[in-house]
Amino acid sequence: MDRWVGKSAIVTGVSSGIGEVIVEKLVCAGVNVLGLARREDRLQALAQRFKGAKGKFHYLKCDLRNEPDILKAFACAEKTFGCLDILVNNAGVFFVASFDAAKTEDYRSIMDINVLAPAICIREALKLMRKHKNDGHIININSVAGHHAVISEVPMNLYPASKFALRAMTDTLKGEIKLKQDKIRITVSFFFFFFFFFFIINNYDIFKGFFFFFFFFSPLKKGIHPGLVKTEILNSFGDKTNELLNKMPYMESKDVADCVIFALSMPRNVQIDELTVTAIAV
0 MDRWVGKSAI VTGVSSGIGE VIVEKLVCAG VNVLGLARRE DRLQALAQRF KGAKGKFHYL
60 KCDLRNEPDI LKAFACAEKT FGCLDILVNN AGVFFVASFD AAKTEDYRSI MDINVLAPAI
120 CIREALKLMR KHKNDGHIIN INSVAGHHAV ISEVPMNLYP ASKFALRAMT DTLKGEIKLK
180 QDKIRITVSF FFFFFFFFFI INNYDIFKGF FFFFFFFSPL KKGIHPGLVK TEILNSFGDK
240 TNELLNKMPY MESKDVADCV IFALSMPRNV QIDELTVTAI AV
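Residue numbering for the sequence shown follows numbering that gives the first Met the number 0, starting at 0 and increasing by one per position.
Hint data in this document are derived by calculation from the structure and do not stem from the laboratory. Careful: at least some of the hints might be erroneous.
When the alpha-carbon atoms are kept at most 30 Å apart in a straight line, the in silico DSS-like pairs for lysine-lysine are as follows [said to hold, decoys possible]:
hint	residue 1	residue 2
1	132	78
2	53	132
3	132	177
4	182	126
5	24	78
Just the calculated beta-carbon pair ranges, DEER-fashion [claimed, not checked]:
hint	residue 1	residue 2	range
6	170	103	25 to 33 Å
7	99	48	37 to 45 Å
8	66	147	24 to 32 Å
We treat Cβ as the ideally placed atom computed from N, Cα and C, and that holds for glycine.
All chains, please: the whole structure from these sequences, using the hints.
Rendered as structure tokens:
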């Protein structure tokens with residue numbers, strides 16, 4: 000990470016979980032970070048926590064459904080840092096609702112946060128990176144739902160569609176950058192996310208075979224592929240979450256954040272396209 004010391008980053012969805020730990024890893028490595036999230040109290044707590052860190056932490060309350068908020072964030076980054084070197088599109092949402100029960104506003108939130116927000120962030124990041132002629136790195140946090148619209152007892156409505164869109168967006172972006180011969184690197188991370196939980200719990204003996212196949216023979220390409228990760232968002236599933244975590248090995252947010260740092264740590268001539276990480280029983 001030596002070449003990133005004193006460089007700048009924007010990370011979305013930093014108020015908890017993986018985003019929070021990514022910020023911690025970056026500032027401890029000497030990267031100056033602008034963290035975006037909606038919960039201002041969490042952002043203020045992070046600012047206090049990272050006082051005295053090798054890198055500086057700045058924050059901005061930002062609703063990614065609101066384009067002016069995003070544009071303000073990138074203007075703030077340029078004013079504060081002078082340029083932008085790293086973008087981590089980490090924020091994402093998921094609503095448990097079947098198609099006949101989901102609300103239109105839920106659909107809009109999924110597409111706004113999971114698709115449009117990353118697209119706008121990428122656009123603004125590319126502008127800054129090209130303006131200042133720096134070789135940056137864009138990391139999109141995705142989901143395996145971007146490859147397989149798995150049918151389970153947990154209704155996913157538009158979530159897989161949004162992740163397929165993010166995957167296609169990333170592939171298109173890589174093509175554009177290759178044609179323009181930019182030095183900007185792109186990494187997409189595919190997460191095994193929580194919408195499988197209830198199905199796994201109720202069919203664990205059968206489903207564990209799928210885990211073996213997925214983790215060892217998965218055809219997924221391009222990205223960091225974490226297995227089950229324990230984050231704050233799992234709390235919405237109540238006691239069922241603990242039941243799952245008691246049955247299966249899982250990773251903490253820091254394990255995934257370490258993989259993001261690993262991707263950033265590669266030499267300038269190396270880009271991480273695929274990295275699969277899973278938890279094992281110990």
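Verification of the supplied hints:
For the hint linking residue 132 to residue 78, the alpha-carbon distance of about 17 Å falls within 30 Å, and the restraint holds. Between the alpha carbons of residue 53 and residue 132 the distance comes to roughly 25 Å, so the proposed pair stays at or under 30 Å and holds. Proposed proximity of residue 132 and residue 177 is supported: the alpha carbons are some 16 Å apart, at most 30 Å. A distance of roughly 13 Å separates the Cα atoms of residue 182 and residue 126; the hinted pair therefore holds under the 30 Å criterion.
About 23 Å separates the Cα atoms of residue 24 and residue 78, which keeps this hinted pair within 30 Å; it holds. A hinted range of 25 to 33 Å holds for the C-beta pair residue 170 and residue 103, which are about 29 Å apart. Checked against the hint of 37 to 45 Å, the pair residue 99 and residue 48 passes, with Cβ atoms roughly 44 Å apart. Evaluation of the 24 to 32 Å hint for residue 66 and residue 147 yields a pass: the beta carbon distance comes to about 31 Å.
Violation of the numbered hints given earlier is absent; every hint is satisfied by the structure.
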